[in-house]
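Asks: Sequence:
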Amino acid sequence: MPPYAGYAPPSNGFAKKKSESNLITIDVGGQLFQTSKQTLALAGSKSFLSKLLDSSFDQFSVPFVDRDPEIFSIILSLLRTGNLPSKAKAFDLQDLISESQFYGIENLLVSSQSNPSQFEAFNLEKSVSLPLNGRDSPSAISTTPYGSVHVAHGSKITSFDWSLHRKSTILTQFTAIDSLLAISPSLAAAGATDFSGLQILDLDKGFFESGRRNSNTIMVFDLQGSFLPVTEIGHNEIYGANLDSAIPATKLKWISNYNLLMASGSHGGPSGFLGNIKLWDIRSGNVAWELKEKIDCFSDVTASNNLSSIFKVGVNSGEVFVADLRKLSSENPWTCLGDRRRGNNGKKEGVGCKIESHGNQVFCSKGGDIELWSEVLLGSSRSSEDDLKERVFRSNLMGRVKDKGGCRITNLSFGGKNMLVTRKDQQSVESGLDIPVHTWDFELDGIIQVRQTKLREDGNIVI
Numbered sequence: 001m002p003p004y005a006g007y008a009p010p011s012n013g014f015a016k017k018k019s020e021s022n023l024i025t026i027d028v029g030g031q032l033f034q035t036s037k038q039t040l041a042l043a044g045s046k047s048f049l050s051k052l053l054d055s056s057f058d059q060f061s062v063p064f065v066d067r068d069p070e071i072f073s074i075i076l077s078l079l080r081t082g083n084l085p086s087k088a089k090a091f092d093l094q095d096l097i098s099e100s101q102f103y104g105i106e107n108l109l110v111s112s113q114s115n116p117s118q119f120e121a122f123n124l125e126k127s128v129s130l131p132l133n134g135r136d137s138p139s140a141i142s143t144t145p146y147g148s149v150h151v152a153h154g155s156k157i158t159s160f161d162w163s164l165h166r167k168s169t170i171l172t173q174f175t176a177i178d179s180l181l182a183i184s185p186s187l188a189a190a191g192a193t194d195f196s197g198l199q200i201l202d203l204d205k206g207f208f209e210s211g212r213r214n215s216n217t218i219m220v221f222d223l224q225g226s227f228l229p230v231t232e233i234g235h236n237e238i239y240g241a242n243l244d245s246a247i248p249a250t251k252l253k254w255i256s257n258y259n260l261l262m263a264s265g266s267h268g269g270p271s272g273f274l275g276n277i278k279l280w281d282i283r284s285g286n287v288a289w290e291l292k293e294k295i296d297c298f299s300d301v302t303a304s305n306n307l308s309s310i311f312k313v314g315v316n317s318g319e320v321f322v323a324d325l326r327k328l329s330s331e332n333p334w335t336c337l338g339d340r341r342r343g344n345n346g347k348k349e350g351v352g353c354k355i356e357s358h359g360n361q362v363f364c365s366k367g368g369d370i371e372l373w374s375e376v377l378l379g380s381s382r383s384s385e386d387d388l389k390e391r392v393f394r395s396n397l398m399g400r401v402k403d404k405g406g407c408r409i410t411n412l413s414f415g416g417k418n419m420l421v422t423r424k425d426q427q428s429v430e431s432g433l434d435i436p437v438h439t440w441d442f443e444l445d446g447i448i449q450v451r452q453t454k455l456r457e458d459g460n461i462v463i
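Numbering-wise (the UniProt record's numbering), the sequence shown opens with residue 1 and increments by one.
These are computed hints drawn from the structure, not numbers from a lab.
By construction, the Cβ of each residue, glycine as well, lies at the ideal position given by its N, Cα and C atoms.
Each hint should be verified, as a subset may be incorrect.
[Unchecked claim] Under the rule of at most 20 Å between Cα atoms (straight-line distance), these lysine to any residue pairs were calculated in the SDA-like manner:
#1 Lys156 x Gly134
#2 Lys327 x Val392
#3 Lys51 x Val65
#4 Lys292 x His235
#5 Lys51 x Gln101
#6 Lys417 x Pro116
#7 Lys417 x Ser159
#8 Lys87 x Ser112
#9 Lys37 x Asp27
#10 Lys156 x Ser137
#11 Lys327 x Ser308
#12 Lys278 x Lys294
#13 Lys253 x Ile218
#14 Lys156 x Arg166
#15 Lys417 x Ile97
#16 Lys251 x Pro145
#17 Lys89 x Lys126
#18 Lys167 x Ser129
#19 Lys167 x Asp204
#20 Lys251 x Val351
#21 Lys417 x Tyr146
#22 Lys417 x Asn305
#23 Lys292 x Gly234
#24 Lys424 x Phe414
#25 Lys167 x Leu96
#26 Lys205 x Ser184
#27 Lys424 x Gly406
#28 Lys366 x Leu412
#29 Lys253 x Gln361
#30 Lys156 x Gly191
#31 Lys89 x Ile71
#32 Lys253 x Thr410
[Claimed, not checked] Restraint-style ranges between C-beta atoms, simulated for each label pair:
#33 Gly44 x Pro69: 17 to 25 Å
#34 Gly406 x Glu290: 31 to 39 Å
#35 Lys424 x Leu397: 17 to 25 Å
#36 Asp339 x Leu228: 48 to 56 Å
#37 Ser163 x Arg283: 35 to 43 Å
#38 Asp54 x Val376: 47 to 55 Å
#39 Pro131 x Ser98: 17 to 25 Å
#40 Pro131 x Phe48: 31 to 39 Å
Go ahead and model the full structure; you've got the sequences and the hints to work with.
Replies: Given below as structure tokens:
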């Protein structure tokens, strides 16, 4: 109910009924609010509002809270519906965060404003640029599920909270960080090619370090408190005649639906690019599947739980390829999603391209642009075997015409409802992108259906 003024003590009969009712009245900044006890209980047992329920007031007492009544009405709406009302747009987000922290319901505000389920790939808009201190461009970026962001630039790590408000910048022992993992809003794991070991950094208190010099290995850490390695798999010394041992796994991706860890790494030399992809069973320490790449080796590779597939972008062709996790082979599991017209000029079209999966989509950077790939669901009348043969993927080239040709994209990451992008030689991070411009479909059995759409300058779509 809306706040009201002019409250007068009720009669004894009404007070008795009120004290036995489920309603509670609170005076916030001189305005009275009435709500149910169940609504306040949604704030959680440790919240300030829960303490009001536990406090004892006589039948004529109304608890007083010396805070902003207008924002409190927003807080009540958030408790009642789980979402912010439209009038919340009139307030600065930082004011809402401050008040939600006072009442002990920031987790509800985060869930309403930065929930991963709110991510909509086709409605992304470039919304904000996150500036970084110093002259170093971002070398690595990592996010938490609800939108906190850690950015490595040079030897520093800058952290942003879920609202993309800068929290801190710390200086590490690395010369240049090139690997970063967000463990929590205040915890990150960092590494560098020219520095032995892994550092798990508490961005408030310090760091723990572990690792081995001159070794190529995957280490599993305990994140429940000790931050120490608990097991080691795939150990190889990096010196010796075995070239494969000199290609460390530079990208790890956990595939929870299969309880497998994807580890991939590539190496460029006089004979071209070589790489390998392994799926590890962490429990046994054995390789469940392995692929050695020589022809059109991957520039980058990722795995998608939702799509049950591994995706790569070829370093020579620049095309996106897919391998179905349900029917992997060690020969050539890849199916090209593109038209294979790239890479015929002798250039390595895929150098520097990045590919990441998020939800039901796959995002691949091509220079300064991004392709978005989605699977088109077919009718349920086909058998599962037919579905594997005739999976259809649709590609969307993202970004408005006027924004084309930006600096090369160096990192893609996703957190909450945001997509984060970094670009070469730019000391900032972009949040969000514009709506799609071009669309076309490809069927994996070789039959191609093309549908082009164009975005006119007036914002209309032409098919």
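Asks: Hints broken by the structure, by number, lowest first?
Replies: none
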